[in-house]
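Undergrad: Each chain is listed here by its residues.
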Amino acid sequence: MRRFALIAVPYLWLLALFLVPFLIVLKISLSDIALSIPPYAPTLDLSAGWEGVRSFFAGLDFENFVFLTQDDLYWKAYLSSVWIAAVSTVITLLVGYPIAYGMARAAPEWRPTLLMLVILPFWTSFLIRVYSWMGILANEGFLNMVLGWFGIPPLQILATNTAVYIGIVYTYLPFMILPIYATLERMDESLLEAAEDLGCSRLTAFWLVTFPLSRGGVIAGCFLVFIPAIGEFVIPSLLGGSDTLMIGKVLWEEFFSNRDWPVASAVAIVLLLILIVPIVLFQRNEQKQREAA
Amino acid sequence: MTTAPADRPRPGPAVFAPWDEPDAVPLIQFKNVTKRFGDFTAIDDLTLDIYTREFFALLGPSGCGKTTMMRMLAGFETPTEGKILLSGQDIAPIPPNQRAVNMMFQSYALFPHLSVWENIAFGLKREGKDKDTIRARVDEMLRLTRLEKFASRKPHQISGGQRQRVALARSLAKAPKLLLLDEPLGALDKKLREETQFELMDIQEKTGTTFVIVTHDQEEAMTVASRVAVMDEGKLIQVATPPVIYEQPNSVYVADFIGDVTIFEGTVRKDGEHYRLDWAEGQPPLRVRSPASLRDGQTAYVAIRPEKVEIHHNRPDDHNVLRGKVVDIGYLGNLSTYHVELPGGRMIRAQNFNTERDTRQPFTWEDEVWVNWTETCGVLLER
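Going line by line, the protein sequences match chains A and B. Numbered per my numbering, the first sequence spans residues 61 to 353. Numbered per my numbering, the second sequence spans residues 5 to 387.
One or more of the hints may lead you astray.
Claimed, not checked - With a straight-line Cα cutoff of 35 Å, these simulated DSBU-like cross-link-like pairs (lysine-lysine) come out:
id : chain 1 : residue 1 : chain 2 : residue 2
1  : B       : K35       : B       : K210
2  : B       : K210      : B       : K194
3  : B       : K135      : B       : K158
4  : B       : K239      : B       : K133
5  : B       : K239      : B       : K87
6  : B       : K274      : B       : K312
7  : B       : K133      : B       : K195
8  : B       : K129      : A       : K348
9  : B       : K274      : B       : K181
10 : A       : K348      : B       : K135
11 : B       : K312      : A       : K348
12 : A       : K87       : A       : K309
13 : B       : K87       : B       : K153
14 : B       : K181      : A       : K348
15 : A       : K348      : B       : K158
Claimed, not checked - Just the calculated beta-carbon pair ranges, DEER-fashion:
id : chain 1 : residue 1 : chain 2 : residue 2 : range
16 : A       : L332      : B       : Q102      : 41 to 49 Å
17 : B       : K194      : A       : F186      : 36 to 44 Å
18 : A       : M176      : B       : N36       : 45 to 53 Å
19 : A       : Y71       : B       : K194      : 45 to 53 Å
20 : A       : M176      : B       : L196      : 43 to 51 Å
21 : A       : L75       : B       : S111      : 45 to 53 Å
22 : A       : S297      : B       : A155      : 33 to 41 Å
23 : A       : P272      : B       : G42       : 29 to 37 Å
24 : B       : L196      : A       : P272      : 24 to 32 Å
No lab work stands behind these hints, which were simulated from the structure alone. These numbers come from a predicted model, not from an experiment. The beta-carbon is built from N, C-alpha and C at its ideal position, and this holds for glycine as well.
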C-alpha cells in the first residue's frame, strides 16, 4: 500500500499537470472559434444529459489541422524553427564543448568554482538577461559603442536572426556544458595515457578516445538545447525582427492577437508531435548511458 | 623442455644472468637519475641496469618511487637530473608515442567504446600497418592470451581476468622492446592472481620481451622476476635475484620487507670462525656465521626466517637454543607457524611443515618449548 502511494505521487503529478492540460488543449484544437467566453465551441453541457455529450462530440472536427496545411505560414514557421534550433544547437556545441573540456581538465580544486560560474546566470531572471542582450546589441547599444571607439561603423544585429542565435546560444549554453562536463569529468585519464603509449598524438587521442567517450554527453546536451529551442518564444520576439519566423511566436500571435484559441491549440499539438521524435531519441540515449555506466 | 639452456630466459641465475657478465650490454640504464615533484624527491640519485629478456621487478611500499620510475620509462615523466638510456640512447627527448616501450596500466585503461579486437588493434592501426598485417597480429595476440572467443565483446562484457589479458595483449601487440607492467595483477583475486603470474612468465618467455613490473606484493615479485629491486624512499636498497633477496638480504629493511622474519638487535663480537650477538641480559649469545667484517662491540642485527627455526619439546644439543612458551599457533594446512615467547617478552616465529596426516598438533598453547637454529641459518646485518 505504501509502495503504491509512493508511486502514485509522480503519476498524479503528471496527470494533473501534464495529461489534463494536454487533453484540454487537444479538445480546444478540435473545436471551432466562437464569439463567446471561452472563445470556442462546443462546450460540454452535462445538464442536457446524454444528448449534451453526443452533441459535444459531434461538434469536434479536424478543421483547424486542415487549415494549418492550407496556409503556408505554418509549415514555414515550423521549418524555420527547426532550422534555427538546429543551427543554434551546433553553435552551442562548438562553444560549449571546449568550455566543458577545459573545466574537466582544470585542477580539481577549481572545478566547483567553474561549475558555479556556469550555473550563476540562472540566479538572474531569464527575461532580464534577454533584455540586457537588447541593450548590448541595439543600434546605440554597448557593442556598437565599443566598435565606434575603433572607428567601426555600427552593426545592425538586434532584430535579426543573428540576435536570435546569440540569445539562444547564450541562454542554453549551460544545458550543453553540464552533460558534456559530466561525461568528461568521470573519464579515466589513464585512457589518454594508454592512447599516447600506443602511438597517438594528443590530437588523435582526443578524436579516438575523448570525443567518442563524451558522445553520450554531447547527444544529451544537443537535445537539451534543440528541444526547447524549437518552441522558443521570448528570444525571437524580443531579439528577432519581423522576418524572424518561429513557431512559438506564431502560436503567441494566434492566441493573443487573433484570439483564435482553436488554431493556436492545433499549432501547439503539431509542435508537440514534432518534438516527440527528438524527445524519444533523447530518452533512448539517456537509457543507453545508464546501461553503459 | 629440450631447448638449449642458453635460449631459456629464466630457469635460474646459473643459466640466465647477464648482470653477472661483465661485457653484457644493458637494455635500460638509469644513470644518476633524480626526480623531484616540487619539494618532494621521488627518485634520489638512482643508478640501475636492466638487461634484455629480463623480468625485472620493482618492489616497495606505496610512495617509494617505483611507479615514478616506470612512468619515466614510459615517457609520462622526465627525470629532473640524470639520464635514462634505452639501447644506449637517451630517451628523455622522445615522447611516449614514439618510444619502443609499451605499458600495461594498473587500471588496464581499456577503451570502453572499442571491442576487445579493436583495443588490441589500436596501437597497430596508429603505426599505419596494412589491414592483413594488423589482422594477423591481433589474431596472434588473441591466441597467445586465449581470448579468441571474446574478440567482439566490449570490455565491460568480460571478466576481470579477461580484461587483464586484453590489456596485456594490447600492450604486447606492437612487439615493444620493453613492456612495463604497473601492478598488473592487483585487481585479481588470489587464486586467479597466482595462475596469472605463471601465465605472465610463460608469455614473457614466448615473446622474449623485456618486462619491468611494478608491484607492492613481494610474493608476486619473487614468483615472476629474474631480479628484484627493493626500493624505499626513492632509493634502491637491494637489487638481486629472488633467492639472494630472500636468503642474503643486505639490510633489516629488505629482510623485513620480504617474507616473515624475526630480528634480534644487539652488540656483536668476533669469536673465531663466527660472530656472537649479545641481545639480552641473561640469554645466551646468538652464534652466526657471516662473511661480513664487523667491529667488536658494534650494534648489529641477526635476522632469522621462521622456516629455519626448529621447535622441540626437549632441549636439543646445539647452538642458538632458546627456551620459550607457545602463545599463538597459525595453522595454514601445509605448515603451522608457532609464535614463541622468549623470557623477557621477545617473540620468535617458528614454522613446521605438516608432513604427516595428523590432525593433532605436536605443540599446543602454553607449551614450554625449545627453539633453535644452526649458525648458518641466521643472517648478520649491519643496518
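Undergrad: None of the hints should be skipped; say for each whether it holds.
TA: Comparing the hints with the structure gives:
1. B:K35 to B:K210: Cα-Cα ~30 Å, so holds.
2. B:K210 to B:K194: holds (24 Å)
3. B:K135 to B:K158: Holds. K135 of chain B to K158 of chain B sits at ~21 Å (cutoff 35 Å).
4. B:K239 to B:K133: Between K239 of chain B and K133 of chain B the Cα gap is close to 41 Å, so the pair fails against 35 Å, i.e. violated.
5. B:K239 to B:K87: holds (16 Å)
6. B:K274 to B:K312: holds (23 Å)
7. B:K133 to B:K195: violated (38 Å)
8. B:K129 to A:K348: Holds, at roughly 28 Å.
9. B:K274 to B:K181: Cα-Cα ~50 Å, so violated.
10. A:K348 to B:K135: This hinted pair holds, its Cα atoms lying about 31 Å apart.
11. B:K312 to A:K348: Given pair K312 of chain B, K348 of chain A is violated - Cα atoms ~60 Å apart, limit 35 Å.
12. A:K87 to A:K309: It holds: about 22 Å lies between the C-alpha atoms, which stays within 35 Å.
13. B:K87 to B:K153: violated (44 Å)
14. B:K181 to A:K348: violated (40 Å)
15. A:K348 to B:K158: Holds - the C-alpha atoms of K158 of chain B and K348 of chain A are around 14 Å apart, at most 35 Å.
16. A:L332 to B:Q102: 41 to 49 Å: Cβ of L332 of chain A to Cβ of Q102 of chain B: about 56 Å, so the range 41 to 49 Å is violated.
17. B:K194 to A:F186: 36 to 44 Å: Taking Cβ atoms as reference, K194 of chain B and F186 of chain A lie about 59 Å apart, which means the hint is violated.
18. A:M176 to B:N36: 45 to 53 Å: Roughly 47 Å apart at Cβ, these two residues keep to the hinted range, so it holds.
19. A:Y71 to B:K194: 45 to 53 Å: holds (50 Å)
20. A:M176 to B:L196: 43 to 51 Å: Holds - the Cβ-Cβ distance for M176 of chain A and L196 of chain B, about 45 Å, lies within 43 to 51 Å.
21. A:L75 to B:S111: 45 to 53 Å: Roughly 47 Å apart at Cβ, these two residues keep to the hinted range, so it holds.
22. A:S297 to B:A155: 33 to 41 Å: violated (57 Å)
23. A:P272 to B:G42: 29 to 37 Å: holds (35 Å)
24. B:L196 to A:P272: 24 to 32 Å: holds (30 Å)
When the structure is compared with the earlier hints, violations turn up for hints 4, 7, 9, 11, 13, 14, 16, 17 and 22 and for no others.
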